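Turn these sequences into a full structure, and let the hints guide you.
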Amino acid sequence: MYFLQDKDVVIAGAVRTAVGRLGGSLRDVPVQDLASHVIAELLARTGTAGEDVDLVVMGNSRQTTEAANLARVALLKAGLPEAVPAYTVHLHCASALQAIISGCQAIETGDARVVVAGGAENLSRS
Numbered sequence: 009m010y011f012l013q014d015k016d017v018v019i020a021g022a023v024r025t026a027v028g029r030l031g032g033s034l035r036d037v038p039v040q041d042l043a044s045h046v047i048a049e050l051l052a053r054t055g056t057a058g059e060d061v062d063l064v065v066m067g068n069s070r071q072t073t074e075a076a077n078l079a080r081v082a083l084l085k086a087g088l089p090e091a092v093p094a095y096t097v098h099l100h101c102a103s104a105l106q107a108i109i110s111g112c113q114a115i116e117t118g119d120a121r122v123v124v125a126g127g128a129e130n131l132s133r134s
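Each position in the sequence shown, counted from 1, maps to that position plus 8 in this note's numbering.
Source of the hints: derived by calculation from the structure; they are not laboratory data.
Since this is a predicted model, take the numbers as computed values, not measurements.
All C-beta atoms, glycine included, are put in the ideal place defined by N, C-alpha and C.
Heads up, some of the hints might be wrong.
[To be verified] Each pair of labels, with its calculated beta carbon distance range:
#1 N77 - D119: 15 to 25 Å
#2 E116 - R35: 35 to 45 Å
#3 L131 - D14: 37 to 47 Å
#4 Q113 - D36: 34 to 44 Å
#5 A22 - A57: 12 to 22 Å
#6 A22 - E116: 36 to 46 Å
#7 L99 - R29: 21 to 31 Å
#8 R121 - C101: 42 to 52 Å
#9 T56 - G118: 14 to 24 Å
In structure tokens form, the structure reads like this:
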């Protein structure tokens, strides 16, 4: 039998938004609003308090001036405490995957215990 260790990484939950067409029904929704709704829903589904989150990492390829650090803007809009650090990864199509990898590394190195990681885009607004 295997018992989890402190630095083992587990996925506690996953949430995504609806998928829309380019120029479709989501065209007027800022990416930070999409991301903040996902973060809030993830915390609600997993029963995680915002104060328990140690880090937020988001991948985004087309930063806007209103959300240059998407992770930071989204976590604040989702109601997480200002003390939670956040950064945004830009690696074109692999941004979300790199954000998840970076979140895992933060846990494995002991820098964090609870990480919210993922990606967000709204190509209709970029």
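Hint check for D119 and N77 - Cβ pair distance inside 15 to 25 Å: holds (19 Å)
Outcome for the supplied range 37 to 47 Å, where the beta carbon pair is L131 and D14: holds (39 Å)
Distance restraint evaluation - A22, A57, Cβ atoms, bounds 12 to 22 Å: holds (19 Å)
Supplied distance hint 42 to 52 Å, evaluated on CB atoms of R121 and C101: violated (29 Å)
Outcome of range test on Cβ distance (E116, R35; 35 to 45 Å): Since the Cβ atoms of E116 and R35 sit about 39 Å apart, the hinted range of 35 to 45 Å holds.
A22 versus E116 beta-carbon gap, inside 36 to 46 Å or not: violated (20 Å)
Status of the given 34 to 44 Å range, CB of D36 versus CB of Q113: holds (36 Å)
Distance restraint hint 14 to 24 Å, applied to the beta-carbon atoms of T56 and G118: holds (19 Å)
Outcome of range test on Cβ distance (L99, R29; 21 to 31 Å): Given range 21 to 31 Å: holds, Cβ gap about 25 Å.
Violated hints for the displayed structure, listed by number in ascending order: 6, 8.
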